Structures are given as C-alpha cells and as structure tokens.
Amino acid sequence: MALLTPTLLANLGIELNEEDYQSLEQHIETTLNERVINEIVLDLTPAQAEELASLTNASDDEIQAWLQANVQNLNEIVSDEIDILLGELAENSEALANN
Amino acid sequence: MTERLRSSYEVANDKYQDDHDASPTPDVDEATLAPEEQDQAEAINERPDAETLYKDAEILGKRYAVRRSIQEIGNRRAQAIESIQASWKNTLATPRKMRLGIAYSFAESRLNRAQARLDALSELPDTSWLKKRRLAKLDKAKSKYEAAKNSYTTHAKGMQDRRNNVGKNYEKRKNDYKENLKEKRSAALARKEVRRQMRSEGASLLEARDLMKDIPKEQLDRIGKVAAYTATLERSSRKIEKTKKKATRGQEKTHTQYEASRNRQEAYKNDRTATEDRIKEIDNELPDAEANLADLSEQLASLPDDDPARDELQEKVTAAEQTIQSLNDEKEQSRKHLQEIDQRISDELAIQHDAQETWEDHQQTISEAAQQQETITHYQQERSRVVAEGSVDATPQPAPQSQQQQTQNRDDYSQAA
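If you read the protein sequences in the order shown, they are chains B and S.
Numbering-wise (this note's numbering), the first sequence opens with residue 1 and increments by one.
Numbering-wise (this note's numbering), the second sequence opens with residue 1 and increments by one.
Hint data in this document are derived by calculation from the structure and do not stem from the laboratory.
A hint or two may mislead.
[Unchecked claim] Computed beta-carbon distance windows for the label pairs:
#1 B:Glu15 / S:Gln343: 37 to 45 Å
#2 B:Glu94 / S:Ala267: 52 to 60 Å
#3 S:Asp342 / B:Glu94: 48 to 56 Å
#4 B:Ala97 / S:Glu368: 27 to 35 Å
#5 B:Ala97 / S:Asp119: 53 to 61 Å
#6 B:Thr45 / S:Ser367: 44 to 52 Å
#7 S:Arg163 / B:Glu15: 44 to 52 Å
#8 S:Asn164 / B:Gln26: 34 to 42 Å
#9 S:Thr91 / B:Glu15: 42 to 50 Å
#10 S:Glu368 / B:Glu94: 32 to 40 Å
Predicted model, so just to flag it, every value in this text is computed and none were measured.
Yeah, the Cβ is synthetic: ideal placement off N, Cα and C, and Gly gets one too.
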C-alpha cells in the first residue's frame, strides 16, 4: 500500500532510516485499518454486521465485494481516514524529525 | 529509536485526539469548501427538490467530493534543482563580482592615499590652495569609494541572497505541504463528523457493535486492510491519472517550445546567410572604392596648389575616404553580428537539446503511468469479475490457497501502484 512514501516524508522534512521507516509504515497501516473498520461498523445494521462476521473464511475479493455492496461511501470513508492520518503525520512531523 | 519514534508519534497523536475531543468539531461551512465544491453545493441547494432528488449519501458525495493531489514532486529534488541553478547563476556572476571587488579595493587604496596626502598638510591653514586641492581630491576619492563599495556590496548580496533563497524556498515548500495536509485533515474530520451525525443512532448501532466484538481481531484487521487497500488503489489510480495528464501537458508545452526554437534558429540561419552575403558584397566593393580613392588622390597630388579644381577634387577624395571607412565599419559590424548570430544559434541548439530531454522525461513518465494504470485497471477488472460472478455470499466457500494467491497478487499490484 503506497500510502506512506519516502518522498512524502522527505517533503515533510522527515528523514528516517530503513528500520524506523518500516516501523512507521507499519504503524500507519495498522492505525488506518483500525480506524477504517471502526467507521465501517458505524455504517452497518445488525443484520449486516452479522453477515460480515460470517465472512471469516471468505477471500479478500469477496470481502471487498461485500463491503462495496453494503457500505455506503466506503471510498470516502477510507479516503478521509487517509487524509486524517496524513494530517496527523504533518502535525507531528517536527517531533518525528527530531527523533 | 523505533520505540521512541512510535511512542512519540502516538503521544503526539493522543494529544491531538484529546485536543480535538475537547474542542468542538469544526463545522463544515461554505468557507471551508474549495470553490469547485462550493459550486456543486450551491447547485444542489438551489434545487427545491434536492432532498428528494439526492439521497444524503449522494449529497455527501457531491458536496464533499474527494479530490486528492498529494504532492509527489520531491522537495529535496526541487531544492537540488534550485541549488544547481543558483550555483550556475552565481558562477556567471563571479567574474563581475571579482571586477567589482578589485575596483572596490583600488578605490579604498586611492581613498587612503588621498587621506594620507591631506594629513601630511595638517600644518597648513585651510585656506592653502594645496590643501584645498587635496581636500577636493579626497572628496572625489570618497565618492568613488562609496560608489564602488555599493556596487560590490549589492552584487555580492545578490549572490548571497540567491544562495539563501534555495534554503528558504525549501522551508516554504515544506511548510506549505504541511499546511496542505493539515487543511485536508480538517476537511476530512468535518466530513467524518457530518457522516456520523447523519447515521442512525441508537440500539441498532450498539447491537452491530456488539456483534462485531465477537469477530476475532485478526479478521477485523483483515477486513480493514481489504477496505483500505482498494480505496488506496483507487486513490493511487487518480494520482497516476493526474501525473499522466500533467506529463502530457508538459510534453505538449515542450514540443511547442522546441518548434519555436527551431523557427528562431531558422530565422537566425537566414539572417546569417544574408549577413555573409553582405560581407562578400563589401569585399567586392572595397577594392573598387580603394582604387577610386587612389586614383583621386593621385589626381589631387598632380594638381598645383592654386588650381581652382583642387577644392572639388579634395571633396571627392574625402567622400571616397568616407565610403571606404563606412564599408569597413559595416563589415566590422556585420562580423560582430555574425558572432552574435552564432551565439544565438548555439543557444537555440542548447534549448532544443534540453527540450528533447524534457520531452523524453515526460514520455517516460507517461509510459510508466500508463503501465501502472494498466496494472491497477487489470486488478480492478479482476475484482469486478469476481463480484459479477456472484461469489459474494453470506456463506462463502473457504479458499485458503486462492486467498494466499490473491494476497500475493495484491502485493504485486501494490508494488506497481
């Protein structure tokens, strides 16, 4: 997932070594996933939630198709969460750059 | 370091969340919307039947259209380019700086000498003509010194500013970029808040949350990842499309510049040919003019001093001399003009070379963008096919092997994107 790139960090004045970069990327990705799922849950009815819960063995494509069919504004939700996350990164760029 | 990095980020993040929770969520009013979004919002609001024509989600989608333009032109790269440009301009400005520096140094020495000469006459009265003369010379040396100092300081400061501006521009771009991301964040938070307000609150929501609690965390992570992944893919797709359009526009512009340069070069070549022809003509005219002058001079020399025809002949000699002088001047001017033309032709060739390289860079960008776009489209089509084949089922079949393969494929696409 090309959400966090070295160019983006460099544009914010953050220069990290490979280990820190991987760590931050992992953290960003995990945070994004958590926030997205939280928002998705807010959009579901109990029946839909139950249906989603039953998709344990479904493939990624099947889960994706289900989400597209059942979650309104899925792309907007994810897109906004990305914006929020990158905004937070910008907010904290000084602290990150000084570490 | 890693732990410190993460904890610092998380602490700052938590602090921001606390601040955000403590303060009211910014209302999404017209002022926070981009002009294009405002137009869309106004267009929707103007319709009396907007509520029935557009569902909330549609209004949301239209009003808060998500438009992304993450700046991927590296700030460091821009800084490097600016730095090279500044260095090159400073290199060109260095000889002038040296000349001005030498002039400044000479002016200072002259001033010191003038001061010393005046000091040597300290015993003489102020009315002494010598003292007055040296005082006048000192004033003149002072004014020259001030002028030389100003010229040198201005020029040197210009060079220094040029160098400093590279750093300042870098900081400005960095801060602009940060502000841009923060503004997007604010807008996204506002949209998120509006979405939350528009959702139904109450028992059903709590029930849904309770149900989700039963799902293992790994599965929830997977769902979040899948959702985020595809949306990110579409985001990348939009960005690639934007890059492609920009490169295409750049390519067209470069082509226009190249053609303009070619036309200018052609005009210079024609000018050069005409100038060379004129030099040849002058070379042909000069022997005749010189022969004419020699003939007239000979006639003039053969006439006695009191001959009445002498004045007229003298005028003819002068006219012949002026003609030769004029031809020589014109020839000299034409030669200088030829040198200028050669320089301009050389400049145009350099422009054309740069344009060709830029065009190729754009072409490379377009090709890469097209390739990436194709990969993403292929993946999206594959996904659509899966959806169309009706594999979306509340009780899907377990497919551990294919799932693993899909994950691998997705990683491949991720790298491409």
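Here is how each hint holds up against the structure:
no.	hint	verdict
1	B:Glu15 / S:Gln343: 37 to 45 Å	holds (43 Å)
2	B:Glu94 / S:Ala267: 52 to 60 Å	holds (55 Å)
3	S:Asp342 / B:Glu94: 48 to 56 Å	holds (54 Å)
4	B:Ala97 / S:Glu368: 27 to 35 Å	holds (30 Å)
5	B:Ala97 / S:Asp119: 53 to 61 Å	holds (59 Å)
6	B:Thr45 / S:Ser367: 44 to 52 Å	holds (47 Å)
7	S:Arg163 / B:Glu15: 44 to 52 Å	violated (22 Å)
8	S:Asn164 / B:Gln26: 34 to 42 Å	holds (39 Å)
9	S:Thr91 / B:Glu15: 42 to 50 Å	violated (29 Å)
10	S:Glu368 / B:Glu94: 32 to 40 Å	holds (33 Å)
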